[in-house]
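Protein chains in written order, with the numbering used here: chain A, 1 to 119; chain B, 1 to 107.
Everything labelled a hint here was simulated from the structure, so no lab data went into it. Since the structure is predicted, the reported quantities are computational estimates derived from the model, not experimental observations. Where a beta carbon is used, it is the ideal one built from N, C-alpha and C, also for glycine. A hint or two may mislead.
[What the hints assert, rightly or not] Mimicking DSSO-like on lysine-lysine, the simulated pairs with C-alpha atoms at most 27 Å apart in a straight line are:
#, chain 1, residue 1, chain 2, residue 2
1, A, K19, B, K107
2, B, K39, A, K65
3, B, K39, B, K107
[To be verified] Among the chain B residues that face chain A by a calculated CB cut under 10 Å, a handful are:
#, residue
4, Y36
5, Q38
6, S43
7, R61
8, F62
9, G66
10, V78
11, L80
12, E81
13, D82
14, T97
15, A100
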Amino acid sequence: EVQLVESGGVLVQPGRSMKLSCAASGFTFSSFPMAWVRQAPTKGLEWVATISTSGGSTYYRDSVKGRFTISRDNAKSTLYLQMDSLRSEDTATYYCTTGRLGGGYFDYWGQGVMVTVSS
Amino acid sequence: DVVLTQSPATLSVTPGERISLSCRASESVDTYLHWYQQKPNESPRLLIKYASQSISGIPSRFSGSGSGTDFTLSINGVELEDLSIYYCQQGNSLPYTFGAGTKLELK
Numbered sequence: 001e002v003q004l005v006e007s008g009g010v011l012v013q014p015g016r017s018m019k020l021s022c023a024a025s026g027f028t029f030s031s032f033p034m035a036w037v038r039q040a041p042t043k044g045l046e047w048v049a050t051i052s053t054s055g056g057s058t059y060y061r062d063s064v065k066g067r068f069t070i071s072r073d074n075a076k077s078t079l080y081l082q083m084d085s086l087r088s089e090d091t092a093t094y095y096c097t098t099g100r101l102g103g104g105y106f107d108y109w110g111q112g113v114m115v116t117v118s119s
Numbered sequence: 001d002v003v004l005t006q007s008p009a010t011l012s013v014t015p016g017e018r019i020s021l022s023c024r025a026s027e028s029v030d031t032y033l034h035w036y037q038q039k040p041n042e043s044p045r046l047l048i049k050y051a052s053q054s055i056s057g058i059p060s061r062f063s064g065s066g067s068g069t070d071f072t073l074s075i076n077g078v079e080l081e082d083l084s085i086y087y088c089q090q091g092n093s094l095p096y097t098f099g100a101g102t103k104l105e106l107k
């Protein structure tokens, strides 16, 4: 059974940093591109970033480019999202997903982790 | 960015009826259009990929159609467990984008 378990969410002040982790199991992690998708409270879904299987290629939405860094450790089957210079508009539930670069869809999702950016 | 417009925003349904949800793209996305279901307080779940391809474990009452800019998700015989928000998403070009969603509620 595929499992994606996010951790690291918490309340953080604007301008500060936070790192999310996603522990994967039940599939060959190194064979899947991975992604983060977020959802602001009572809002819709928004793609954040995608990383290739090796980690050699990364893709970001413009609003997080230069502030967020997606990475992975295939030996640990873990995905990361380093978030710097956080803004109030980054407040959301962040979902770890398997992200298909070829077709651009997200087939497996974690339970999500809440990140609140507020003073 | 590709804008996806979903309609209606809310649909009131009666169990057993057949319904159709629309998703229109601001430019062609070929068949790189995918559908998700999100139940209250749950993570989204992939329902249909590439506009019409079924997903293992998803009930056969869900089907998708369309290509280019116009897409439809159909539910043949709505059940109470289908009361959720449905999102379309395009994977044709970055940034990947989602529609605002259609909420199914009980009539």
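Interface hint status, B/V78 versus chain A (Cβ within 10 Å): Interface hint status for B/V78: violated (22 Å vs cutoff 10 Å).
Hint check, B/L80 versus chain A [nearest Cβ-Cβ separation less than 10 Å]: 23 Å, violated
Proposed interface contact between B/F62 and chain A, which counts if any beta carbon pair is under 10 Å: Status violated, d = 15 Å.
Restraint satisfaction for B/E81 [CB to CB of chain A, less than 10 Å]: Violated - the Cβ of B/E81 stays beyond 10 Å from chain A, reaching only about 18 Å at its closest.
Hint check, B/A100 versus chain A [nearest Cβ-Cβ separation less than 10 Å]: Nearest chain A Cβ about 5 Å off; hint holds.
Agreement of B/K39 and A/K65 with the hint, judged by alpha carbon distance not exceeding 27 Å: Not OK: B/K39 and A/K65 at ~30 Å, beyond 27 Å, violated.
B/T97 as an interface hint toward chain A, with CB separation required under 10 Å: Nearest chain A Cβ about 7 Å off; hint holds.
Chain A contact restraint on B/S43 - CB to CB distance below 10 Å: 4 Å, holds
Closest C-beta approach of B/Q38 to chain A relative to 10 Å, hint status: 8 Å, holds
B/Y36 as an interface hint toward chain A, with CB separation required under 10 Å: 8 Å, holds
Given hint B/D82 near chain A, where the shortest CB pair must fall under 10 Å: Result: violated, 18 Å to nearest chain A Cβ.
Interface hint for B/R61, Cβ within 10 Å of any Cβ on chain A: With Cβ-Cβ at 20 Å, over 10 Å, it is violated.
Hint compliance for this structure: hints 1, 2, 7, 8, 9, 10, 11, 12, 13 are broken, all remaining hints hold.
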